[in-house]
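Number of protein chains: 2
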Amino acid sequence: MDPSQNGVTAAKGFRAAGVACGLKPNHALDLALVVSDGDCAGAGMFTTNRVQAAPVLYDKETLARNRGAIRAVVANSRCANACTGEPGLDDARAMAAAAAHTLGCRADQVLVLSTGIIGTRLEMDKIRSGIAHAAARLSVEGGADAARAIMTTDTRPKVSALRHRTYTIGGMAKGAGMIHPNMATMLSIITTDAKIAPDRLDRALRAAVSKSFNRISIDGDMSTNDTVLVLANGASEQEMGDEELGDFTDALTQVCTDLAKQIARDGEGATKFVEISVTGAREEDDAARVARAIANSPLVKTALYGNDANWGRVVAAAGYSGVAVEPSTMKLWFGDVNVFANGTPTNFDEQASTRAISGGDVFIRLDLGLGDASAVVWTCDLSHDYVTINGKYRT
Amino acid sequence: MDPSQNGVTAAKGFRAAGVACGLKPNHALDLALVVSDGDCAGAGMFTTNRVQAAPVLYDKETLARNRGAIRAVVANSRCANACTGEPGLDDARAMAAAAAHTLGCRADQVLVLSTGIIGTRLEMDKIRSGIAHAAARLSVEGGADAARAIMTTDTRPKVSALRHRTYTIGGMAKGAGMIHPNMATMLSIITTDAKIAPDRLDRALRAAVSKSFNRISIDGDMSTNDTVLVLANGASEQEMGDEELGDFTDALTQVCTDLAKQIARDGEGATKFVEISVTGAREEDDAARVARAIANSPLVKTALYGNDANWGRVVAAAGYSGVAVEPSTMKLWFGDVNVFANGTPTNFDEQASTRAISGGDVFIRLDLGLGDASAVVWTCDLSHDYVTINGKYRT
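As you go down the protein sequences, you meet chains R and E in turn. Number 358 in the numbering used here belongs to position 358 of the first sequence; there are no gaps in the numbering. Number 198 in the numbering used here belongs to position 198 of the second sequence; there are no gaps in the numbering.
Next comes chain R alone, as it looks inside the complex (with noise of 0.2 Å):
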């Protein structure tokens, strides 16, 4: 991974800006504006919450139409723009035009992003006001502002870079609350300049995204809003051919699980990074099913914020994942001691266990002694902090 901070500017022949339009208080950033010099091909991939938020309902409309031209995409965060009816959706259309206005070209080569708070109308006159301020400052630097203008309850920005030999993938990401399997709110943009034919993006993105996004966990909520989007813009004048397809597929995943787990490591009010591995499933769905129950675990999570080794607590989540799991094949391990074998607790040592997930980072891992497949998902611990900010959120 790069350690470039600049995120969706990394590839060649794209500039950002991240700007205070006046949604959030005390001037902090609140739109990001993300700008290819020439047409990209677009991809997206969003939440499958029944209710979808304006902006998720206009980009899919706007890449089934025009997936080939793409310019760019304007965010904005403090606001999410759903259950805001026709109006909102007006407001969306509204949105890209504006920014479409301002960088010459067509409002269907411009997708709009929004996460925030639901039921309330965007503040039009501020996101016009930003999406101009915005285009004036487009620069590659931009890239760390724009990743800022999209934090809602996030305590730091997310960006990821990769360079290959040939091209370049670069990132960024907001998450914290509500994530969950299938995106919940969480929003990334990821902008290449590798030359890819569309229908190639979409299937790159969705193979990336179902062992990235897909595979993290907060609160087991699921937002209106979540959204996956990528432009490539050929920049680099690489074709990615059926040949090229596999390899681009793993540069693109590596740069979405990274962002996947800073997405995980910030989750609201999180003290731990918890990675869960189950190996030894039938299926690797079986597998990703199984680490979903115990990272969703309620019970779980406070056992390890309160530095509880509470294998108990991973064994039954295991049972009730709704995979046909058997308690005596099942092996767990926290960190390195094995903790459970043979359906009951090894004779572990209790000061080495409780050692083992009380750091910042936790590894647990459990073998279900029943095939060869195996998935790993991250997520973080429930804290005092994950209740105090969800029971003050809109206040």
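Calculated directly from the structure, the hints in this document are not laboratory data. Hints are supplied without guarantee of correctness; some may be wrong.
Note: identical chains are not told apart, hence a pair may lie in one copy or across any two.
As the list claims (entries may be wrong) - Derived DMTMM-like pairs: lysine to aspartate or glutamate, alpha-carbon spacing no greater than 20 Å straight-line: (1) 392 with 350; (2) 392 with 349; (3) 331 with 86; (4) 211 with 258; (5) 60 with 326; (6) 331 with 367; (7) 211 with 283; (8) 60 with 202; (9) 24 with 123; (10) 12 with 108; (11) 24 with 326; (12) 261 with 243; (13) 331 with 37.
Let chain R serve as the given structure and place chain E on it in line with the hints.
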């Protein structure tokens, strides 16, 4: 509902006791014995977790063989006898045998229940002396102590009774953490002096549990030990034939619902009791699924804890429930304040909606606008105390 505090001894021909056998510190009650003067029809419903505690395995086996002549139930708290392998199953058998020996019946006439910490063996000497002690103290008044003896993190005992014209149904339960549809870490014993064949009793129990214990949710976790047992000793000599079965099932459902609501009200760290009523669904299963998604959402539960009338989180949870809801046909009320309709928030009074969720009892109603089916789920809020309790349970 009869205000009887005796619970399991409200019906004729049952006696009970709750004693301290030393599993819990400070001489707290930790062993309960419920005994019928004559043989009972017995039925049970058990956790669907793949990891099942020894008493669950023992009871299922016992009821499969001998559901027509059950005499007693012996239950302990503090130790779940789960993840204890074959030795744990031997302990469950020995616990039943000890009670049978003391009571002068066969071992396969005794059912056993355990709740508490997973992975530690039962201290059988204490169990044996507790059984002897309890058998010597059996009485009708002992029902109240029995209800206390099965408590873990419960803050109060849970009993209920209903006196029908010709028979009585009474019961006790313990709940608190890990409660979920399919009865996660809850135990309940129901007794009745109605005369009913085992297969009819089984049908009545399944119907009653599906609308009561399976309609509560605390944190979405499901335990290894959840069990509801019902014993019918026929002492009232009122035979429940096919004609009386509907009426009996209704009465049983009332007792189970009363106990289930007491469990939700006493959820770990709960400051509010929350009733979620979903109407206008295409099918009852859809309504229950939407209600459970709302009840299980940490974001909804923390918002309620914080007196935040955050309707957006309720709508979003309905959206990811897996049911094909339509935002444009949904209507949502907090108390009697309609906060959402036609895909957008209504012009509701913010103070009125806050007031509606700020008391100890919160009523949320969501009309899906798609059909005539409905379901109610009961839950509680998610507080700082929930995190404190569950970060420290084992220590």
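Hints, one by one, checked against the model:
Only between protomers do residue 392 and residue 350 lie at most 20 Å apart by alpha-carbon distance; the minimum there is 15 Å, versus 37 Å within a single protomer. Taking the shortest Cα distances, residue 392 and residue 349 sit within 20 Å of each other only across copies (19 Å), while inside one copy they are farther apart (41 Å). Taking the shortest alpha-carbon separations for residue 331 and residue 86, only the inter-copy value of 17 Å comes in at or below 20 Å, while the best intra-copy value is 53 Å. Proximity of residue 211 to residue 258 under the C-alpha cut-off of 20 Å is restricted to the intra-copy arrangement: shortest distance 11 Å within a copy versus 45 Å between copies.
With identical chains, the CA atoms of residue 60 and residue 326 are at most 20 Å apart between copies only, with a shortest distance of 18 Å across copies and 42 Å within one. In this assembly of identical chains, the alpha carbons of residue 331 and residue 367 lie at most 20 Å apart only when taken from the same copy (5 Å versus 45 Å across copies). For the homomeric pair residue 211 and residue 283, the shortest alpha-carbon distance inside one copy (14 Å) is at most 20 Å, but the shortest distance between copies (35 Å) is not. Proximity of residue 60 and residue 202 under a CA criterion of 20 Å is satisfied intra-copy only: 13 Å inside one chain copy versus 51 Å between copies.
Taking CA atoms no more than 20 Å apart as the test, residue 24 paired with residue 123 passes inside one copy only; the shortest distance there is 11 Å, against 59 Å between copies. Taking the shortest Cα distances, residue 12 and residue 108 never come within 20 Å of each other, neither inside one copy (23 Å) nor across copies (76 Å). In the homo-oligomer, the alpha carbons of residue 24 and residue 326 never lie at most 20 Å apart, since the shortest distance is 51 Å inside one protomer and 31 Å across protomers. In this assembly of identical chains, the alpha carbons of residue 261 and residue 243 never lie at most 20 Å apart, being 29 Å within a copy and 60 Å across copies at closest.
For the homomeric pair residue 331 and residue 37, neither the shortest alpha-carbon distance inside one copy (53 Å) nor that between copies (46 Å) is at most 20 Å.
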